[in-house]
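> Sequence:
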Amino acid sequence: MCQNPINDEKYAVLEAYIHNLKDKKGALIEVLHKAQEIFKYLPNEVQSFIAEKLDIPLSKVYGVVTFYSYFTTEPRGEYVINVCMGTACFVRGAAAVLEEFQNKLNIKVGETTPDGKFTLEVLRCVGACGLAPVVTINDRVYGHFTKDQVSKVLSEYSV
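The sequence shown maps to residues 480 to 638 in the working numbering.
Incorrect hints may appear among the rest.
[To be verified] Taking lysine-lysine and the BS3-like style, the derived pairs with C-alpha atoms no more than 27 Å apart in a straight line are:
(1) Lys-587 - Lys-626
(2) Lys-503 - Lys-489
(3) Lys-587 - Lys-519
(4) Lys-539 - Lys-513
(5) Lys-519 - Lys-504
(6) Lys-532 - Lys-489
(7) Lys-519 - Lys-501
(8) Lys-489 - Lys-539
(9) Lys-501 - Lys-539
(10) Lys-583 - Lys-626
(11) Lys-596 - Lys-626
(12) Lys-501 - Lys-489
(13) Lys-539 - Lys-519
(14) Lys-596 - Lys-489
(15) Lys-539 - Lys-503
(16) Lys-504 - Lys-532
(17) Lys-532 - Lys-513
Derived by calculation from the structure, the hints in this document are not laboratory data.
Work the whole structure out from these sequences, hints included.
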């Protein structure tokens, strides 16, 4: 662990979670989800900690982290904006929505605003094609989203 009390507390929470799953087959993905929930991303130090506590090779942890797009090794913003670019969303204007988010936030896909508030990402499909185009911000889903809604929605999170 490190010398930072906040991080020590986070590692203690993760270690307790791992302890409860240690003997469960296939626990790695559950542990990675929990670690990302705690730390907001999965830096090398956290991956090493998980490998050590689960007694598995670091290469296995890294392989899972880099295989699944849900996991991230870089810090993300407080609010993660995902614009669905699946077929239904794309044909109903998702590209214009994405472009408007990029313009308003002055960032590109995969980037985070300098203040750490927003990260902009794209998804291939959220499974809500009837609501296309779809935008998610953290766990909140916005359907029938238009570029004209971007400023209003961003202002709700900029308080």
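> Each hint needs a verdict: does it hold in this structure or not?
Structure-based check of each hint:
{"no.": "1", "hint": "Lys-587 - Lys-626", "result": "holds (16 Å)"}
{"no.": "2", "hint": "Lys-503 - Lys-489", "result": "holds (22 Å)"}
{"no.": "3", "hint": "Lys-587 - Lys-519", "result": "holds (20 Å)"}
{"no.": "4", "hint": "Lys-539 - Lys-513", "result": "holds (17 Å)"}
{"no.": "5", "hint": "Lys-519 - Lys-504", "result": "holds (25 Å)"}
{"no.": "6", "hint": "Lys-532 - Lys-489", "result": "holds (14 Å)"}
{"no.": "7", "hint": "Lys-519 - Lys-501", "result": "holds (22 Å)"}
{"no.": "8", "hint": "Lys-489 - Lys-539", "result": "holds (22 Å)"}
{"no.": "9", "hint": "Lys-501 - Lys-539", "result": "holds (16 Å)"}
{"no.": "10", "hint": "Lys-583 - Lys-626", "result": "holds (10 Å)"}
{"no.": "11", "hint": "Lys-596 - Lys-626", "result": "holds (20 Å)"}
{"no.": "12", "hint": "Lys-501 - Lys-489", "result": "holds (18 Å)"}
{"no.": "13", "hint": "Lys-539 - Lys-519", "result": "holds (20 Å)"}
{"no.": "14", "hint": "Lys-596 - Lys-489", "result": "holds (21 Å)"}
{"no.": "15", "hint": "Lys-539 - Lys-503", "result": "holds (16 Å)"}
{"no.": "16", "hint": "Lys-504 - Lys-532", "result": "holds (14 Å)"}
{"no.": "17", "hint": "Lys-532 - Lys-513", "result": "holds (14 Å)"}
Hint compliance for this structure: no hint is broken.
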